[in-house]
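S.K.: As they're listed, the protein sequences go chains A and B.
To convert, note that position 15 of the first sequence is 15 in this note's numbering; the numbers rise steadily by one, no gaps.
To convert, note that position 109 of the second sequence is 222 in this note's numbering; the numbers rise steadily by one, no gaps.
Restricting the straight-line Cα-Cα distance to at most 20 Å, the calculated cross-link-like pairs of lysine-lysine (PhoX-like) are:
1. B/Lys-224 / B/Lys-151
2. B/Lys-214 / A/Lys-38
3. A/Lys-40 / B/Lys-118
4. B/Lys-118 / B/Lys-184
5. A/Lys-41 / B/Lys-214
6. B/Lys-224 / A/Lys-40
7. B/Lys-214 / B/Lys-184
8. B/Lys-214 / A/Lys-53
9. B/Lys-151 / A/Lys-40
10. A/Lys-9 / B/Lys-151
Simulated from the structure, these hints should not be mistaken for lab results.
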Amino acid sequence: DTEVTQTPKHLVMGMTNKKSLKCEQHMGHRAMYWYKQKAKKPPELMFVYSYEKLSINESVPSRFSPECPNSSLLNLHLHALQPEDSALYLCASSQAWGPYGYTFGSGTRLTVV
Amino acid sequence: DQQVKQNSPSLSVQEGRISILNCDYTNSMFDYFLWYKKYPAEGPTFLISISSIKDKNEDGRFTVFLNKSAKHLSLHIVPSQPGDSAVYFCAASASTSGTYKYIFGTGTRLKVLA
Chain A
1 DTEVTQTPKH LVMGMTNKKS LKCEQHMGHR AMYWYKQKAK KPPELMFVYS
51 YEKLSINESV PSRFSPECPN SSLLNLHLHA LQPEDSALYL CASSQAWGPY
101 GYTFGSGTRL TVV
Chain B
114 DQQVKQNSPS LSVQEGRISI LNCDYTNSMF DYFLWYKKYP AEGPTFLISI
164 SSIKDKNEDG RFTVFLNKSA KHLSLHIVPS QPGDSAVYFC AASASTSGTY
214 KYIFGTGTRL KVLA
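Chain B with its partners taken away, still in its complex shape (with noise of 0.2 Å):
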């Protein structure tokens, strides 16, 4: 059972537009996330947190938003480069569980067009 969702695998984006990057999860438990970026040959990188408690978290051109209702996260990017060519992970965790071993998404592949 997959409690983490990347439902779309690849994305193409023109570069200076809006990267939006979608993640779904199903246990209402989950209350911290994270997304981050992998480049092959690379381990990932960690790109941005944010916790149940908020609904946005900014950091530069990189901006999560958490619909705990929906139970969905999204990485906003703006605006795109080439750079940003690259594999993405969100990932999940229930500190209620008394651990913190996050759940990742199968990611998605992020290609930004010159």
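Here chain A stands alone, though its shape is the one from the complex (with noise of 0.2 Å):
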């Protein structure tokens, strides 16, 4: 399996609604990264969690919330999104946090409403 899964695809949520953005991977990775793309603009890093500790978060707001259950998954907890968060939340795994490639999942479409 040489790929990150992230569900749903697709989001569609309210300013007070709470959700959760899922990622999964099964290469053994133990590095796994929270991006944020908004269109026709790089990804920006979020969040990156290595061997399932929170290493670094980019100042993000409290609303969104990371989670790291195990070394496969990564969650996104989301709660009272403002419409200017609404982007494709890309999540990534690495062998390892250095230099090395990584593997994107698909990315969920947020739209904050």
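Assembly of the complex is requested from the two constituent chains, each provided in isolation within its own frame, with the hints serving as guidance.
M.R.: Structural data, given as structure tokens:
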């Protein structure tokens, strides 16, 4: 298995909703990442997990809450989002947190209404 | 401040010819570089990487060149194929920072014409 699987592929949520994005990989990768990508912009790093510990939080608002229950799973819990949070959310993994290429999932297209 | 720049938003090339995608960076501490391609509705796919200790890395039809003095890297695709039509991102990181936070460029849309 050489994939990163993200669910759901599309999500529409209201500003008062609570939802979660899920990411799964079975490549034995020990680093996992959340990126946010707006239209016509490059992906921007949000969080890095290394060996299931949060290593980087790029000053992301607390309405985004990451969780790494085990080495294969990464969640992003969403609460009280704003319309400007609408974007493509990409999960990625790599062998370790270091000079390695990432494997990206196909992303979750999030729309906040 | 955009530390990684891809100044050409788009590029069209005839099938079979060479595609050259360019990337410039401003941070001299960057020492590891990646290229990704992205199809619509899919996540980026890793293509090729290069470390600052090298000036060239090849993988099949893809070659990345690094010019450290000019803070410039380029991706050559030879021969170009219609399936190569995608958005290409370069990304850079500085290992000396103790982290590997990749900064992505804004991307270049490549269109290979049959």
